[in-house]
Structure formats: structure tokens, C-alpha cells
Amino acid sequence: MKVQLLATCIVDSFFPEVGEATVEVLVKAGAHPTFPAAQTCCGQPLLNAGYTAEARALAIHTIETFSDEAPVVVPSGSCADMIRHRYPELFATVPRALGQARALADRTYELSEFLIDQLMIADLAAPDARFIAYYPSCHLLRGLGIDRQPIELLKAIPGGSVQRLEPDCCGFGGLFSVDHAPISKEMLLRIIRQIEDTGAEVVVGCDASCLMQIEGGLRRAGSALRCSHLSQALTGREPGLR
Amino acid sequence: MTSPFLIEARKAIEDPQLQELLDRNADTRRERRVNALRQLPDAEHLRERAKAIRRETISNLAVHLDKFTKRLSENGFHIHRASDGEEASRMVIEIAKKHGAELVAKSKSMVTEEIGLNEALASAGIRAVETDLGEYIVQLRGEPPAHILTPALHLTKEQVAETLSKQLGEVVLPDVAEINRTARNSLRKVFFNAPIGLTGVNFGVAETGTLCMVTNEGNGRMVTSLPPVHIAVMGIERLVPTLKDLAVMLRLLPRSATGQKITNYVSLINSPRRDTDPDGAEERHVILVDNGRGALLGTPLAESLDCIRCGACLNACPVFREAGGHAYGSVYSGPIGSVVSPALFGISEFGHLAKASSLCGACVEACPVGIDIPSMLLRVRAAAPPASRSIERGLKTYAWLARSPTRFRWAQRLAALAIRFLPTQAGWITSLPGPAAEWTSFRDFPAFSTRPLRARLGKMRLDVQPRSPEIEPPAETIPLPEKDLDESKVDDFEVELKELGGEVIRCSEGNAVDRIVGELYGLGVSRVLTWGQVEPILTTTLQRLEEEFQVMLPELPTDGSRSELLAEYDQAEVGITGSLAAFADTGTVVLSTASRRSFLPSLLPAVHLVIVRARDIYPNMETWLEAGGAQTIVDSSSVVFISGPSRTADIEMTLTIGVHGPGQVIAVVIE
Numbered sequence: 001m002k003v004q005l006l007a008t009c010i011v012d013s014f015f016p017e018v019g020e021a022t023v024e025v026l027v028k029a030g031a032h033p034t035f036p037a038a039q040t041c042c043g044q045p046l047l048n049a050g051y052t053a054e055a056r057a058l059a060i061h062t063i064e065t066f067s068d069e070a071p072v073v074v075p076s077g078s079c080a081d082m083i084r085h086r087y088p089e090l091f092a093t094v095p096r097a098l099g100q101a102r103a104l105a106d107r108t109y110e111l112s113e114f115l116i117d118q119l120m121i122a123d124l125a126a127p128d129a130r131f132i133a134y135y136p137s138c139h140l141l142r143g144l145g146i147d148r149q150p151i152e153l154l155k156a157i158p159g160g161s162v163q164r165l166e167p168d169c170c171g172f173g174g175l176f177s178v179d180h181a182p183i184s185k186e187m188l189l190r191i192i193r194q195i196e197d198t199g200a201e202v203v204v205g206c207d208a209s210c211l212m213q214i215e216g217g218l219r220r221a222g223s224a225l226r227c228s229h230l231s232q233a234l235t236g237r238e239p240g241l242r
Numbered sequence: 001m002t003s004p005f006l007i008e009a010r011k012a013i014e015d016p017q018l019q020e021l022l023d024r025n026a027d028t029r030r031e032r033r034v035n036a037l038r039q040l041p042d043a044e045h046l047r048e049r050a051k052a053i054r055r056e057t058i059s060n061l062a063v064h065l066d067k068f069t070k071r072l073s074e075n076g077f078h079i080h081r082a083s084d085g086e087e088a089s090r091m092v093i094e095i096a097k098k099h100g101a102e103l104v105a106k107s108k109s110m111v112t113e114e115i116g117l118n119e120a121l122a123s124a125g126i127r128a129v130e131t132d133l134g135e136y137i138v139q140l141r142g143e144p145p146a147h148i149l150t151p152a153l154h155l156t157k158e159q160v161a162e163t164l165s166k167q168l169g170e171v172v173l174p175d176v177a178e179i180n181r182t183a184r185n186s187l188r189k190v191f192f193n194a195p196i197g198l199t200g201v202n203f204g205v206a207e208t209g210t211l212c213m214v215t216n217e218g219n220g221r222m223v224t225s226l227p228p229v230h231i232a233v234m235g236i237e238r239l240v241p242t243l244k245d246l247a248v249m250l251r252l253l254p255r256s257a258t259g260q261k262i263t264n265y266v267s268l269i270n271s272p273r274r275d276t277d278p279d280g281a282e283e284r285h286v287i288l289v290d291n292g293r294g295a296l297l298g299t300p301l302a303e304s305l306d307c308i309r310c311g312a313c314l315n316a317c318p319v320f321r322e323a324g325g326h327a328y329g330s331v332y333s334g335p336i337g338s339v340v341s342p343a344l345f346g347i348s349e350f351g352h353l354a355k356a357s358s359l360c361g362a363c364v365e366a367c368p369v370g371i372d373i374p375s376m377l378l379r380v381r382a383a384a385p386p387a388s389r390s391i392e393r394g395l396k397t398y399a400w401l402a403r404s405p406t407r408f409r410w411a412q413r414l415a416a417l418a419i420r421f422l423p424t425q426a427g428w429i430t431s432l433p434g435p436a437a438e439w440t441s442f443r444d445f446p447a448f449s450t451r452p453l454r455a456r457l458g459k460m461r462l463d464v465q466p467r468s469p470e471i472e473p474p475a476e477t478i479p480l481p482e483k484d485l486d487e488s489k490v491d492d493f494e495v496e497l498k499e500l501g502g503e504v505i506r507c508s509e510g511n512a513v514d515r516i517v518g519e520l521y522g523l524g525v526s527r528v529l530t531w532g533q534v535e536p537i538l539t540t541t542l543q544r545l546e547e548e549f550q551v552m553l554p555e556l557p558t559d560g561s562r563s564e565l566l567a568e569y570d571q572a573e574v575g576i577t578g579s580l581a582a583f584a585d586t587g588t589v590v591l592s593t594a595s596r597r598s599f600l601p602s603l604l605p606a607v608h609l610v611i612v613r614a615r616d617i618y619p620n621m622e623t624w625l626e627a628g629g630a631q632t633i634v635d636s637s638s639v640v641f642i643s644g645p646s647r648t649a650d651i652e653m654t655l656t657i658g659v660h661g662p663g664q665v666i667a668v669v670i671e
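Protein chains in written order, with this note's numbering: chain A, 1 to 242; chain B, 1 to 671.
Since the hints were derived computationally from the structure, they do not count as laboratory data. Remember, it's a predicted structure, so these values are computed and weren't measured experimentally. For every residue, glycine included, the Cβ atom is placed at its ideal position computed from N, Cα and C. Don't take every hint at face value.
As the list claims (entries may be wrong) - A few chain A positions that, by computed beta-carbon distances, are all more than 12 Å from chain B:
1. Val94
2. Ala126
3. Glu152
4. Gly160
5. Arg220
Claimed, not checked - DSS-like, lysine-lysine: derived pairs with alpha carbons at most 30 Å apart:
6. B:Lys157 <-> B:Lys189
7. A:Lys2 <-> A:Lys28
8. A:Lys185 <-> B:Lys396
9. B:Lys244 <-> B:Lys67
10. B:Lys97 <-> B:Lys11
11. B:Lys97 <-> A:Lys185
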């Protein structure tokens with residue numbers, strides 16, 4: 001089955017390793033991933049900052065880039081949620097664009113959701129004996145309602161073990177992480193405390209943005225603990241986003 | 001420019017004592033809410049219903065308001081409509097002046113905080129005393145409430161004791177029970193002397209013209225029952241169409257707010273005192289406050305009017321947990337406050353609050369009426385002025401770059417080059433320049449990849465046949481567990497009441513009198529407040545009682561001062577009443593003021609002994625409403641649901657039993 005990979009601007013620019021691992025996972029699952037080269041950014045940073053017109057322009061660009069009918073797979077809960085729930089809102093008053101936005105929303109899937117609910121494949125992971133702390137990111141969990149899927153995939157890793165962290169925002173939140181840095185910091189420190197209390201050997205999540213915040217915090221704190229995207233954990237990569 | 005919120009939030013973060021109190025609030029309240037909702041077999045379904053009720057009410061607000069005011073006036077209330085806070089305050093002052101009142105006893109009300117009523121009253125020479133424990137303390141300190149539900153959330157018991165000692169001129173030890181006792185004694189005088197009682201309203205029922213107030217401490221009952229004049233101030237949006245809709249809200253509000261199945265007291269007020277009522281306010285006013293609400297109808301922020309002020313989103317919010325309530329600079333704090341404040345009081349002054357969120361969605365998850373707070377925060381952000389020109393320039397440039405893949409690719413290359421001179425460690429930057437320095441002040445930032453994904457994957461081709469998208473499998477429907485409460489109503493009632501700290505004595509009709517008298521001996525009491533000849537069992541009991549106890553049958557005069565009489569009734573150690581009905585699922589007894597059944601025996605004494613007939617126990621509120629309860633409510637001037645002893649957790653979340661109402665509730669169940 002052909003799929004279109006929407007890598008997200010963060011993965012494309014900072015963590016291409018996550019994109020490569022995602023491709024590897026999809027191939028292993030029997031899909032044929034393609035990379036529409038015109039893709040840039042879904043527009044979420046702009047919408048969240050209150051720049052609706054600019055966000056709409058990027059949404060149109062994304063809708064056009066992914067006009068093919070193949071399913072769109074996103075290795076990010078947050079960006080998948082943007083397309084599924086915010087795109088139709090952005091074009092609520094523009095019937096033609098709304099139709100296209102809804103069509104894209106309907107064929108867009110977050111990676112773990114696509115593997116479990118669409119391909120129905122759980123056991124594709126390389127063996128790894130690490131103890132994983134799974135971080136349920138906010139838009140993935142509350143926006144898309146995805147929780148059991150990544151856990152099912154991680155539990156199928158031969159030799160490993162998984163503990164789900166209590167949902168608690170890491171404090172990223174886009175621009176919030178900079179313009180409300182002191183609060184973002186406290187939130188980050190709280191999630192790091194929770195992670196350390198588990199005694200886990202690696203933190204795994206489905207959103208490179210949240211993991212960037214958490215690994216950035218772990219590194220600064222001098223911790224040896226690293227974060228991996230779900231795709232990296234499933235392909236036996238060493239912990240660390242890059 | 002740094003936002004006023006952030007300046008205050010920084011102070012909160014640097015205050016370890018406040019942080020501890022905020023952590024405790026978040027952890028305790030969240031756990032209690034989740035547990036309380038988990039016990040409902042149909043929580044998600046109820047939430048959907050509650051959401052639908054609120055949407056419908058707000059969509060047709062004018063119609064419901066018309067019906068509500070019509071019923072209120074048929075019921076004998078005086079109705080006033082205020083377009084803004086100033087007008088509402090003026091109305092209260094006029095009523096007070098008409099009665100020559102210099103003292104107003106207040107029960108907690110957010111709308112009066114919103115309109116600055118206490119300050120307005122003070123400048124008119126009228127003293128308003130807050131009687132909710134937390135609110136009383138912050139008033140003594142001259143502070144605004146720190147949380148819509150827990151006003152003194154930010155204070156330790158030591159700080160509270162110090163405030164009370166200073167203000168009351170007596171030594172108060174930093175012990176929650178002692179603080180509680182001190183407040184109880186000091187506020188007794190206010191309840192007994194105030195010519196006017198003032199409250200907010202949790203829900204107004206449109207079809208019946210009923211005011212509903214949910215409280216725990218008993219002060220709400222005091223100020224609506226004892227002073228001769230009652231003024232209720234409410235926002236125009238606080239309506240539910242029917243009593244049935246009210247029942248839905250009453251299931252969700254306390255669970256979401258404090259994790260209680262029901263609040264200790266649910267007061268349903270239908271009219272001023274009637275001829276056959278032994279007590280209650282003779283004059284009741286309702287002031288309906290618009291103050292910006294009407295203008296929100298039909299706008300993208302109208303959904304904020306659905307809020308029922310439970311505070312669950314505050315307790316769930318990771319930002320509130322760090323910043324605390326005062327940082328928001330508005331009476332409405334937390335996630336919903338970040339929408340309501342700009343919506344009601346102006347985007348230019350409060351729009352910046354919408355940015356104080358990571359949009360994590362914990363608020364909408366906690367909201368009992370499903371308000372999509374993150375979406376509304378986005379709408380406020382879109383309407384708010386930009387925080388800084390440099391950030392605006394940066395975002396607009398980014399948008400311009402990302403509209404073209406060519407520009408985007410070049411920007412990625414340039415960025416990768418530009419950062420080469422920044423300090424890095426294993427591919428992570430440890431120090432960024434400009435506004436981005438905020439990032440690296442406590443975290444590393446990933447370096448731009450010199451080979452972005454597009455450079456690595458760009459050659460992949462669309463070489464497989466496209467397929468049509470698969471249809472998502474239908475969502476599984478989980479059958480709701482059926483609950484059969486009928487068989488064990490009395491057992492359930494007993495379990496629930498005991499869980500609330502109440503006591504249950506089960507006996508037969510024949511030995512009821514002996515059991516009651518025996519219980520009174522056991523309590524070692526001598527003065528009893530009761531109803532007299534209106535309850536068959538009490539009639540017989542009364543003859544026995546009058547031989548050995550001082551028995552008082554309260555009735556308040558309709559003119560002149562009530563305070564001396566009230567002080568005398570307050571000497572009674574125990575109050576004995578019957579009950580109209582009881583609810584098994586919450587351990588609740590139902591009392592009404594009709595037919596000379598005074599509220600005082602269930603309110604003033606430290607012990608309330610209530611007679612419940614097993615046949616009057618219903619599985620829950622809804623079954624009672626259907627079996628004639630709704631009619632009872634309409635026919636009474638006031639009805640109260642009592643669930644266990646009065647309580648508060650206003651100080652350091654420490655549960656204390658027996659605030660203004662009884663600290664001991666004994667149900668004698670006659671089987």
C-alpha cells in the first residue's frame with residue numbers, strides 16, 4: 001500500500017533520523033512510503049501564535065502537496081491533530097477548501113495509529129532489552145485519543161518492557177516554551193522527575209517536538225537518559241533523537 | 001514586553017511554600033475528581049447530556065430568561081436586571097438602604113467578586129461580611145480569592161491563624177480545627193444580626209423559577225434562612241431549563257469541583273417565606289447581571305458562557321499549578337479564566353492570558369460540560385495584539401519561507417550554516433542568541449541538520465498504485481452496567497451517609513422513640529430544637545422529651561429583630577427533624593420548610609438527628625423527582641438536600657467537619 005509521509009518541519013529540519021526510522025518502519029510493515037517533496041510546515045506554530053491567515057496559507061500549501069489519494073502518515077500526534085481537527089475549522093466558511101481539508105483530515109493518520117488500526121500490525125520491532133518510559137503527549141492523547149496503539153507496538157519489542165508515564169504536559173507548547181519560559185521550565189522539570197522516578201533506560205514518545213523539549217532538558221541536567229521517537233525504538237536505534 | 005501574568009507567575013514560582021500548596025491542590029483535587037467520576041456508571045454519557053443542556057440554554061438564552069423571570073415573579077421574587085456591575089451594585093445598595101441595613105452577610109459568590117460589590121457597599125457605608133471560611137480569611141487579609149472554589153488556596157494554616165489573631169484580637173493557634181471554631185463563633189453574630197443575606201446562584205431553573213445553591217459549610221443556608229431579606233446575584237447565563245436538567249448538573253458539578261458525589265447542602269429556593277413557614281426570608285430579590293455576557297452570544301467566544309464554575313480546569317491545568325490564581329489578575333483565573341476574562345473584560349487588557357497555555361488540553365478533558373477551551377484560547381490569541389514586534393516579524397518570515405519549498409530548503413541550509421559558530425555538545429546547541437536565548441537558559445536545542453530529511457529522501461518515487469482510503473471501523477459501543485439500587489436502598493443509604501461521616505440507626509416503628517431518647521441520653525444533651533406536632537413520631541417523642549429536656553419549637557418573628565431569639569435557639573445542642581425523602585446513592589435527606597417545618601433544627605445545633613422512613617428512600621435524586629419530588633419542590637418555599645455533616649477543606653485541603661452547620665448527623669431509619 002502506498003502512503004505519503006508527512007515528516008513535519010521539526011523532523012525534516014532537526015531530526016531527519018526520525019524520518020528515516022519512520023520510513024523503515026513503514027517499509028517493514030509492508031507499506032510503500034513516498035515523500036512529497038514540496039512539503040514544508042503544516043502551519044501549527046502560526047495558528048497557535050494567533051496568526052490565522054498565515055496558518056491558512058500553509059494549510060492550503062499542505063493540502064495541495066498531499067492531494068494524492070494515498071493515506072498520509074505523520075510521525076507526530078500534534079501535527080496529525082492539526083490536520084484532522086484544525087484544518088476543517090480553518091476553512092469552516094470556505095466550502096470548496098473545506099471539502100479538501102476534510103478529505104485530507106480523513107486520510108491522515110499518526111504513525112502508531114496507522115500501524116495498529118489501519119495495517120493491524122503490532123509485532124514489527126527489532127529486539128531491544130531496554131526498559132522504556134512511554135510519554136503520552138498531549139495532542140496525541142487528548143486530541144486524537146491515541147494511547148493503546150503506541151503501547152501495543154512498544155510491548156511487542158522482544159526483550160523489552162514498558163511503563164506509561166502519567167499524562168502531564170512537558171511544557172513545550174510551541175511559542176509558549178519561549179515566551180512563557182519560566183513556566184515551561186517548571187513543567188519540564190516535573191516531567192523529568194516523573195521519568196527519573198520510573199528508573200527507565202529510555203523515554204519514548206510519538207512527538208519529536210515534545211521529545212526535543214524533554215531531551216533538551218535531560219541533556220542540560222547532565223542526565224545520561226535520552227529520548228527516542230517511537231519509530232527509532234521500533235527499529236532498534238540507540239536512544240537519542242539524533 | 002513581558003506580560004503582567006508572567007511577572008506575577010515568576011514570583012509564584014519562586015515561592016516554595018505557594019508551590020507546595022499549589023501542588024497539593026492539583027494532586028488532591030485531580031485524584032478526587034477522577035475517582036468521583038469513575039464511580040458513575042455513565043459519566044461520559046452524562047457529560048454529553050450536560051454539554052447539550054448548556055449549549056441549548058445559551059443558544060436560546062433570551063427565551064429561557066423570559067420564562068425564568070416570569071416564574072420568579074409569579075413565585076413572589078423581586079426581579080432586577082443589571083446591564084453592568086455598577087448598576088447591579090447600585091441595586092444592592094438601594095435595597096440595603098431601604099431596609100436601613102448596615103451589615104450584609106454574604107455567602108461565596110464569584111459574580112459579586114466580578115462586579116466589585118463589596119467595595120461598592122463599603123463606599124456606601126455598608127459592611128459586607130464574607131461567611132465562607134476561605135473567603136472570610138481572604139477578606140480579612142484584603143486579598144482577592146486565589147481560586148474560584150478554594151479562595152484561600154495560597155495560604156498555610158500558620159498564615160491563616162496569624163490573620164485571625166491579628167484581626168480578631170485573640171490568640172488563634174495554627175490548627176485547622178481551631179481556626180474553624182474561631183470562624184464559626186465569630187460569624188454566628190453576623191448570621192444572627194445581619195438584616196440582609198446575600199448569595200450567588202449556581203443554577204436558576206427556568207421552568208419553575210427556582211434558585212439552586214450548592215454549599216458545604218452551611219453558611220449558604222444561614223444567609224438564605226435567617227436574615228429577613230435575601231438578595232441573590234446571578235449572571236444571566238446561569239440557567240438550566242428544567243429540574244431534570246438540574247439533576248444532571250448536580251451530579252457533575254460537585255464531582256468535578258471537589259470530588260464529592262453531592263455537596264453537603266443543595267438549597268432550592270422557590271419563594272419568600274409563606275404564612276405557614278416558621279422561618280426564611282420574607283423578601284427575596286434576584287439581580288440578573290449581564291456585564292458583557294449578552295454581547296458574547298453568537299460570537300466565537302459564546303461557548304465560554306457554558307461554564308458552570310466548577311474549577312476543574314484550574315485544578316487540571318499544569319500552568320495554573322505553577323502560576324497560581326493571583327497571577328491572572330482577574331477574578332476568573334486558570335484556563336477558563338483566560339477565555340472569560342478577555343471575553344467579558346476586554347481583549348486589550350486580558351488577551352495576554354490566552355498565551356499562558358501550552359494548549360495541552362487537560363482543561364477540556366476535565367470540563368464537565370465539554371467546553372473546548374484550547375480552541376477558544378486560539379480565538380482570543382488571533383484577536384489579541386502581538387506580544388512583541390520581533391516575534392511577529394519572525395513568525396511572518398517563517399510563514400513566508402514555508403509557503404515555498406524552495407525558500408524553505410534554502411532557509412534550512414542557511415540555518416545549518418549560521419549555527420556553526422554557536423556552542424554545541426553532541427549536536428545540541430547549549431546557547432542561542434536573541435529571544436531564542438530563553439530556550440537555552442535551561443535546555444539544549446537541537447542543531448539544524450546539515451542534511452535535512454528532504455535531502456535524504458527526496459528521490460523516493462510515487463511508484464505504487466494509489467488505493468482508496470479505508471473506512472475506519474465503527475467505534476465499539478460499551479454497554480453500560482446496569483445498576484439495581486432498589487433491593488438494598490437502606491443498606492446503600494447507610495453506607496453512603498457513613499462515608500460522609502454521618503451515623504445511621506436502624507429501628508422499627510415500635511422502638512423508634514426509645515432509640516431516639518436513648519441517643520439523646522448518650523449525647524448528654526439538655527436542650528433540643530425540633531418541629532413539634534407535625535411529624536407523627538416526633539409527636540410521641542416530644543411527650544417523652546418534654547419531661548427531661550428543654551424543648552424549643554423555633555419560629556422567627558416576621559417583624560423586629562431576630563437576633564436574640566436566634567441566639568437562644570443556638571443554645572440547643574441537638575436538632576430533631578423528620579424528612580420528606582432520602583436518596584440512597586448519596587446518603588441524602590430531603591427537608592422542606594413547608595407546614596411549619598423549620599429549617600433551624602437542621603442548621604443551628606451541633607447535632608442533627610433526622611428521622612427517615614425506609615419507604616421514603618429513593619435510589620437517587622432523579623427517581624425522587626419523577627415520583628413527585630419535582631412537585632414538592634415547586635410547592636415549597638424552600639427545599640434542602642442534606643448529605644452528612646457540614647464540612648470544609650478551605651485550609652490546606654484539610655477536611656474539617658462541622659463548620660456553620662451541624663458537625664454530627666444521625667439518621668434514624670425506620671424500617
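Outcome of the hint check:
1. Val94: holds, 16 Å
2. Ala126: At about 20 Å from chain B, Ala126 (chain A) clears the 12 Å cut-off, so the statement holds.
3. Glu152: Since the minimum Cβ distance to chain B is about 16 Å, Glu152 (chain A) lies beyond 12 Å and the statement holds.
4. Gly160: At about 24 Å from chain B, Gly160 (chain A) clears the 12 Å cut-off, so the statement holds.
5. Arg220: violated, 5 Å
6. B:Lys157 <-> B:Lys189: holds, 24 Å
7. A:Lys2 <-> A:Lys28: holds, 13 Å
8. A:Lys185 <-> B:Lys396: Holds: Lys185 (chain A) and Lys396 (chain B) sit about 26 Å apart, inside 30 Å.
9. B:Lys244 <-> B:Lys67: OK: Lys244 (chain B) and Lys67 (chain B) at ~16 Å, within 30 Å.
10. B:Lys97 <-> B:Lys11: violated, 42 Å
11. B:Lys97 <-> A:Lys185: It is violated: about 53 Å lies between the C-alpha atoms, which goes past 30 Å.
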